[in-house]
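Peer 1: Listed here are the chains, written in short residue letters.
There are 2 protein chains.
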Amino acid sequence: MPSASLVKEFENLIGKENVFTSEADRQSYAYDAAVLPSVVPGLVLRPTSTEQLGALIERCYANGLPMTIRGAGTNLSGGTVPDADKSVVILTQGLNKIIEINEEDLFAIVEPGVVTAQFAAAVASKGLFYPPDPGSQAVSTIGGNIAENAGGLRGLKYGVTKDYVMGLEFYDHTGELVKSGSRTVKCATGYNLGGLLVGSEGTLGMISRAILKLVPPPQASKAMMAVFDNVQKASEAVARIIAAHILPCTLEFMDNMTINLVEDDVKIGLPRDAQAILLIEVDGHAGQVADEALIVEEQLKKSGATQIVVAKDAEEKNRIWEARRKALPALARFKPTTILEDATVPRSKIPAMMKVIKGLGEKYNLTVGTFGHAGDGNLHPTFMCDKRDKDEFERVERAVDELFNTTIEMGGTLSGEHGIGTAKQKWLEKETSRGTIGYSRRLRKAIDPKGLFNPSKLVGV
Amino acid sequence: MPSASLVKEFENLIGKENVFTSEADRQSYAYDAAVLPSVVPGLVLRPTSTEQLGALIERCYANGLPMTIRGAGTNLSGGTVPDADKSVVILTQGLNKIIEINEEDLFAIVEPGVVTAQFAAAVASKGLFYPPDPGSQAVSTIGGNIAENAGGLRGLKYGVTKDYVMGLEFYDHTGELVKSGSRTVKCATGYNLGGLLVGSEGTLGMISRAILKLVPPPQASKAMMAVFDNVQKASEAVARIIAAHILPCTLEFMDNMTINLVEDDVKIGLPRDAQAILLIEVDGHAGQVADEALIVEEQLKKSGATQIVVAKDAEEKNRIWEARRKALPALARFKPTTILEDATVPRSKIPAMMKVIKGLGEKYNLTVGTFGHAGDGNLHPTFMCDKRDKDEFERVERAVDELFNTTIEMGGTLSGEHGIGTAKQKWLEKETSRGTIGYSRRLRKAIDPKGLFNPSKLVGV
Numbered sequence: 022m023p024s025a026s027l028v029k030e031f032e033n034l035i036g037k038e039n040v041f042t043s044e045a046d047r048q049s050y051a052y053d054a055a056v057l058p059s060v061v062p063g064l065v066l067r068p069t070s071t072e073q074l075g076a077l078i079e080r081c082y083a084n085g086l087p088m089t090i091r092g093a094g095t096n097l098s099g100g101t102v103p104d105a106d107k108s109v110v111i112l113t114q115g116l117n118k119i120i121e122i123n124e125e126d127l128f129a130i131v132e133p134g135v136v137t138a139q140f141a142a143a144v145a146s147k148g149l150f151y152p153p154d155p156g157s158q159a160v161s162t163i164g165g166n167i168a169e170n171a172g173g174l175r176g177l178k179y180g181v182t183k184d185y186v187m188g189l190e191f192y193d194h195t196g197e198l199v200k201s202g203s204r205t206v207k208c209a210t211g212y213n214l215g216g217l218l219v220g221s222e223g224t225l226g227m228i229s230r231a232i233l234k235l236v237p238p239p240q241a242s243k244a245m246m247a248v249f250d251n252v253q254k255a256s257e258a259v260a261r262i263i264a265a266h267i268l269p270c271t272l273e274f275m276d277n278m279t280i281n282l283v284e285d286d287v288k289i290g291l292p293r294d295a296q297a298i299l300l301i302e303v304d305g306h307a308g309q310v311a312d313e314a315l316i317v318e319e320q321l322k323k324s325g326a327t328q329i330v331v332a333k334d335a336e337e338k339n340r341i342w343e344a345r346r347k348a349l350p351a352l353a354r355f356k357p358t359t360i361l362e363d364a365t366v367p368r369s370k371i372p373a374m375m376k377v378i379k380g381l382g383e384k385y386n387l388t389v390g391t392f393g394h395a396g397d398g399n400l401h402p403t404f405m406c407d408k409r410d411k412d413e414f415e416r417v418e419r420a421v422d423e424l425f426n427t428t429i430e431m432g433g434t435l436s437g438e439h440g441i442g443t444a445k446q447k448w449l450e451k452e453t454s455r456g457t458i459g460y461s462r463r464l465r466k467a468i469d470p471k472g473l474f475n476p477s478k479l480v481g482v
Numbered sequence: 022m023p024s025a026s027l028v029k030e031f032e033n034l035i036g037k038e039n040v041f042t043s044e045a046d047r048q049s050y051a052y053d054a055a056v057l058p059s060v061v062p063g064l065v066l067r068p069t070s071t072e073q074l075g076a077l078i079e080r081c082y083a084n085g086l087p088m089t090i091r092g093a094g095t096n097l098s099g100g101t102v103p104d105a106d107k108s109v110v111i112l113t114q115g116l117n118k119i120i121e122i123n124e125e126d127l128f129a130i131v132e133p134g135v136v137t138a139q140f141a142a143a144v145a146s147k148g149l150f151y152p153p154d155p156g157s158q159a160v161s162t163i164g165g166n167i168a169e170n171a172g173g174l175r176g177l178k179y180g181v182t183k184d185y186v187m188g189l190e191f192y193d194h195t196g197e198l199v200k201s202g203s204r205t206v207k208c209a210t211g212y213n214l215g216g217l218l219v220g221s222e223g224t225l226g227m228i229s230r231a232i233l234k235l236v237p238p239p240q241a242s243k244a245m246m247a248v249f250d251n252v253q254k255a256s257e258a259v260a261r262i263i264a265a266h267i268l269p270c271t272l273e274f275m276d277n278m279t280i281n282l283v284e285d286d287v288k289i290g291l292p293r294d295a296q297a298i299l300l301i302e303v304d305g306h307a308g309q310v311a312d313e314a315l316i317v318e319e320q321l322k323k324s325g326a327t328q329i330v331v332a333k334d335a336e337e338k339n340r341i342w343e344a345r346r347k348a349l350p351a352l353a354r355f356k357p358t359t360i361l362e363d364a365t366v367p368r369s370k371i372p373a374m375m376k377v378i379k380g381l382g383e384k385y386n387l388t389v390g391t392f393g394h395a396g397d398g399n400l401h402p403t404f405m406c407d408k409r410d411k412d413e414f415e416r417v418e419r420a421v422d423e424l425f426n427t428t429i430e431m432g433g434t435l436s437g438e439h440g441i442g443t444a445k446q447k448w449l450e451k452e453t454s455r456g457t458i459g460y461s462r463r464l465r466k467a468i469d470p471k472g473l474f475n476p477s478k479l480v481g482v
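Keeping their order, the protein sequence lines are chains A and B.
Under the numbering used here, read the first sequence as residues 22 to 482, first letter to last.
Under the numbering used here, read the second sequence as residues 22 to 482, first letter to last.
Do not rely on the hints blindly, as some may be mistaken.
Same chains, same label: a pair holds when it works inside one copy or across any pair of copies.
Simulated pairs of lysine-lysine, DSS-like, Cα-Cα distance not exceeding 27 Å [claimed, not checked]:
hint: 1; residue 1: Lys322; residue 2: Lys147
hint: 2; residue 1: Lys147; residue 2: Lys466
hint: 3; residue 1: Lys466; residue 2: Lys333
hint: 4; residue 1: Lys333; residue 2: Lys254
Since the hints were derived computationally from the structure, they do not count as laboratory data.
Excised from the complex, chain A in its bound form (with noise of 0.2 Å):
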């Protein structure tokens, strides 16, 4: 906990309402959804101003003191568990404004702390399309989208967050304002900053406004779910469709453990029979949605697909995402402890890594669910466990230790967007090098001379 004096400066600061010391306020910043061991911060601060963010980083800094910036904490690697009972965590919620959304030249400002999927509706009221959609979307920040580079549904087509990413302001360790990008479509000024900040966790400055880029709306959609009696058949559809030159704005995959699970919990029926389903949507211009839609049943036809359901309407078309949406909660309910892992191969590599997932629930005697974005290879399989079963947790953790293995065998990575975080370190400089572990330190170390910026993440300080 820092002296009573310092939490005095930080409260003339920003004021008593927003500077938090009390055992069950700190509690709560504890933690982020990842499995990993809780640390309680020594302090939790709320700024409301862009300047008031810059002078606490300034203050944190000067006094020595590691700070984690956290958004809505929906994390999955740890970036937002504090580092040690003195860490302070800087909650961006006060700074939630959206600054400009720009109708003419498709772009908006905005503060780190705004809610993705307010965000979104606020873009979509203006007739215009902000694509990144992460699972966590209701809740999650923008600020921690970018710190994350997160991914969502849309990746196949529409890309991630980082493809949004015009540019960005952000603090650096001494409070000073680092500008990178701009307003225009195009920038080649200066270094890249804005690019090296997306995904940088929180440990290279601390972003205090992005400029997003927006896209016209599709005009039409379509969705339908596919239902396979056979996961092989279900990923080898997938391959398919990409190879007819198809980009489905959204390509799930679920499994039979996924569906039942779901089905158990939203009654919505399901097919608790089939052994895999695709959920498939295709977006864009009227007579593209419709060529497309053609396309991609008949290649899911060829790929021995059972039953092609295609939503009549609107309500069908959300009764279909309200199904995917209910994945991971369905699965989180069915045991205590939720290991929810995110590598991700090229699409055409999915039926082989389908086979290792089976092939390691089997090996561990553990319980996996799969489901997740088919289309661009990123595969969430899901281990169902008990933390407390000391045993099982042991071959879960094996498990996932070989899945990282192949994973890069197979030419794929790490983690298709939930991040390094404190995780998946153990793993980094094998699919990279020795190399890239030193550059990324060096670098880090230049930025971060006391390594204060959320120091046990991504290559540790």
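Place chain B on chain A using the hints.
Peer 2: Positioned in the frame of chain A, the structure of chain B alone reads:
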């Protein structure tokens, strides 16, 4: 010039035929496409494998030799002008393998010396599409495109080089290999070092391999030319088209001066009386193209176009783009010195920017031709002058200075696609901040402690 023993060492490493020491050879690499004083390097090296590249960097660095890595030298901001006569120029032309074009997973892996247009053609022959098309694509290289974050005509709809870099491998100053990104669409593994290297102008590492994103090609396209008797009307038409939610793949502008110089050159019947023309292409699904072309025509008419010529076939379409491709060579031929700028503004500011450019020509009594990528606010006002005329050249410099100041005031950026190099450093702090320069220099110093990677470029060392 490095010592004879070091030259011998280089010869042993990469072969005598790839080490150039003669005055004539070295003279060829003393300049690039920017109007800047040339500097003859001390030595020119041409590695023929990436391993040789790593070894050369290690040797040069250990021996304190400044290095400039060079693709085709087409950049327009001085990024490939050597720094001093002891500088070593490292050519990438021997690193020109297309390692893989993966049709299933929509990516390619290439070495840095691959020529952009040759790569795009190889991709097209597999039925896929690599959109970035910088003006110099016939000779420019992928490595240079990445180091400068090259843009092109399709930026508005398809983005720039940055948007197609899925992963990079590069050598650090010790010759160690750094790897970033993945073969997967999504990747949240480690710092986005690939994103940082894009646009870093050879100052943070030497690219040895790139994983590039490919997309399915558009099914159809339609090109047209719209004629205006007034520059303002043409620039307003640009804003109207975007406001109607159409993103043409190309939306180019040429003023009267450019039209006439091009027509002198190619004689394809351009309207010599026109004050401006817009050259527009929409692409995508056939139905979408038909609909969008109609909306574009409607907006062009509303904006007061006096004539709209829709290309009836591929030959007419080629003629339209031939006219655009000739713009720079035609202007460049008119006077001995061509100062081509790429100040970029949010597209709604194009009408205002056109007024500014006209005003500058009058105020400083200069010949300016303007053409460029109107759709993304990236105009190329081109000052045609004679560098030997000191008075005139000074007026050009004052006009450019005023141009940049106005661009920044309009919320634009110094460089849409040409980079900072040595040409634009003096305005960098004005667009960004003191903090940005400091942050960039700290980062650079950590990565290049001796200041040997293209030392004078971008933010200086």
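Peer 1: Work down the list of hints and note, for each, if the structure agrees.
Peer 2: Hint-by-hint comparison with the structure:
1. Lys322 to Lys147: So Lys322 and Lys147 pass the 27 Å test across copies only (26 Å; inside, 39 Å).
2. Lys147 to Lys466: For Lys147 and Lys466, the Cα distance exceeds 27 Å both inside one copy (43 Å) and across copies (44 Å).
3. Lys466 to Lys333: So Lys466 and Lys333 fail the 27 Å test inside a copy (56 Å) and across (60 Å) alike.
4. Lys333 to Lys254: within (25 Å within a copy, 45 Å between copies)
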